[in-house]
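Asks: Listed in order, the protein sequences are those of chains A and B. Residue numbering for the first sequence follows the numbering used here, beginning at 24 and increasing consecutively. Residue numbering for the second sequence follows the numbering used here, beginning at 24 and increasing consecutively.
Note that these hints are calculated values from the structure, not bench results. The beta-carbon is built from N, C-alpha and C at its ideal position, and this holds for glycine as well. Some clues are possibly wrong.
[Stated by the list, open to error] Taking lysine-lysine and the DSSO-like style, the derived pairs with C-alpha atoms no more than 27 Å apart in a straight line are:
| id | chain 1 | residue 1 | chain 2 | residue 2 |
| --- | --- | --- | --- | --- |
| 1 | B | K78 | B | K24 |
| 2 | B | K91 | B | K24 |
| 3 | B | K24 | B | K127 |
| 4 | A | K80 | B | K78 |
| 5 | B | K78 | B | K127 |
| 6 | B | K78 | A | K36 |
| 7 | A | K80 | A | K36 |
| 8 | A | K36 | B | K91 |
| 9 | B | K76 | B | K91 |
[Unchecked claim] Per label pair, the in silico range of CB-to-CB distance:
| id | chain 1 | residue 1 | chain 2 | residue 2 | range |
| --- | --- | --- | --- | --- | --- |
| 10 | B | S74 | A | L136 | 23 to 29 Å |
| 11 | A | L34 | B | K127 | 22 to 28 Å |
| 12 | A | P84 | B | G51 | 25 to 31 Å |
| 13 | A | L136 | B | G51 | 22 to 28 Å |
| 14 | A | T37 | B | E40 | 34 to 40 Å |
| 15 | A | G26 | B | H79 | 17 to 23 Å |
| 16 | B | P62 | A | L34 | 17 to 23 Å |
| 17 | A | S93 | B | N87 | 31 to 37 Å |
[What the hints assert, rightly or not] Away from chain B, derived, C-beta distances all over 10 Å, residues of chain A:
| id | residue |
| --- | --- |
| 18 | L34 |
| 19 | I35 |
| 20 | R38 |
| 21 | G39 |
| 22 | R53 |
| 23 | L66 |
| 24 | L69 |
| 25 | E71 |
| 26 | K80 |
| 27 | N100 |
| 28 | S102 |
| 29 | A115 |
| 30 | N123 |
| 31 | F127 |
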Amino acid sequence: KAGVTQTPRYLIKTRGQQVTLSCSPISGHRSVSWYQQTPGQGLQFLFEYFSETQRNKGNFPGRFSGRQFSNSRSEMNVSTLELGDSALYLCASGTSGPYNEQFFGPGTRLTVL
Amino acid sequence: KNEVEQSPQNLTAQEGEFITINCSYSVGISALHWLQQHPGGGIVSLFMLSSGKKKHGRLIATINIQEKHSSLHITASHPRDSAVYICAVRFYSGGGADGLTFGKGTHLIIQP
Numbered sequence: 024k025a026g027v028t029q030t031p032r033y034l035i036k037t038r039g040q041q042v043t044l045s046c047s048p049i050s051g052h053r054s055v056s057w058y059q060q061t062p063g064q065g066l067q068f069l070f071e072y073f074s075e076t077q078r079n080k081g082n083f084p085g086r087f088s089g090r091q092f093s094n095s096r097s098e099m100n101v102s103t104l105e106l107g108d109s110a111l112y113l114c115a116s117g118t119s120g121p122y123n124e125q126f127f128g129p130g131t132r133l134t135v136l
Numbered sequence: 024k025n026e027v028e029q030s031p032q033n034l035t036a037q038e039g040e041f042i043t044i045n046c047s048y049s050v051g052i053s054a055l056h057w058l059q060q061h062p063g064g065g066i067v068s069l070f071m072l073s074s075g076k077k078k079h080g081r082l083i084a085t086i087n088i089q090e091k092h093s094s095l096h097i098t099a100s101h102p103r104d105s106a107v108y109i110c111a112v113r114f115y116s117g118g119g120a121d122g123l124t125f126g127k128g129t130h131l132i133i134q135p
């Protein structure tokens with residue numbers, strides 16, 4: 024089975040721009056979660072989707088948004104980029120429910136200049 | 024505030040030593056995850072626990088729900104075990120279970 028894929032792997036943007044990141048879960052997985060990792064804050068939960076519905080949302084501003092499609096693929100969008108948005112963005116897929124094991128993708132490294 | 028505390032933050036040991044990493048959390052949880060992250064960023068899920076003990080190869084994870092504490096043990100450690108080990112939990116919330124809350128990680132170095 025193919026693992027979780029994320030595109031693009033690396034991205035450089037400038038302040039004020041917006042960005043869209045994509046995540047394709049493992050086949051058959053209906054849950055996708057997004058996380059932000061920075062040296063200062065570590066790993067932080069962004070949001071979680073299950074069957075196209077946002078099930079949970081972390082404590083991030085409204086500039087961060089996401090969605091999930093009927094094929095379980097997910098995208099996250101960050102508008103009006105700030106320098107502090109530079110981070111590794113990870114997505115993880117799982118089968119179902121709050122107990123499911125998380126299978127992580129390789130991440131997208133976003134640099135905001 | 025729901026918090027996850029890991030200790031130690033950094034650990035250097037010799038090959039073959041028995042390693043223990045600890046994780047404590049503040050309130051009730053639905054599940055606890057142990058994750059491994061190598062340089063370059065890739066994260067691998069090692070264990071997911073809601074009670075008891077799990078073993079996979081040289082890795083053992085235990086959880087004590089009453090004490091709100093979990094440990095990750097590595098037996099016969101090897102330099103390839105060098106990585107950051109992260110504890111993450113799902114706290115209960117009014118609507119079910121929250122997204123994962125992470126500890127700050129334990130940076131483990133195993134010297135040959």
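Asks: For each hint, tell me whether it holds in the structure or not.
Replies: Hints, one by one, checked against the model:
no. : hint                       : verdict
1   : B:K78 x B:K24              : violated (31 Å)
2   : B:K91 x B:K24              : holds (15 Å)
3   : B:K24 x B:K127             : holds (16 Å)
4   : A:K80 x B:K78              : violated (32 Å)
5   : B:K78 x B:K127             : holds (23 Å)
6   : B:K78 x A:K36              : violated (43 Å)
7   : A:K80 x A:K36              : holds (25 Å)
8   : A:K36 x B:K91              : violated (42 Å)
9   : B:K76 x B:K91              : holds (14 Å)
10  : B:S74 x A:L136: 23 to 29 Å : violated (47 Å)
11  : A:L34 x B:K127: 22 to 28 Å : holds (26 Å)
12  : A:P84 x B:G51: 25 to 31 Å  : holds (29 Å)
13  : A:L136 x B:G51: 22 to 28 Å : violated (43 Å)
14  : A:T37 x B:E40: 34 to 40 Å  : violated (48 Å)
15  : A:G26 x B:H79: 17 to 23 Å  : holds (18 Å)
16  : B:P62 x A:L34: 17 to 23 Å  : holds (20 Å)
17  : A:S93 x B:N87: 31 to 37 Å  : violated (42 Å)
18  : L34                        : holds (14 Å)
19  : I35                        : holds (17 Å)
20  : R38                        : holds (24 Å)
21  : G39                        : holds (26 Å)
22  : R53                        : holds (16 Å)
23  : L66                        : violated (4 Å)
24  : L69                        : violated (8 Å)
25  : E71                        : violated (5 Å)
26  : K80                        : violated (8 Å)
27  : N100                       : holds (18 Å)
28  : S102                       : holds (21 Å)
29  : A115                       : violated (8 Å)
30  : N123                       : violated (8 Å)
31  : F127                       : violated (4 Å)
Checked against the numbered hints above, the structure breaks hints 1, 4, 6, 8, 10, 13, 14, 17, 23, 24, 25, 26, 29, 30 and 31 and satisfies the rest.
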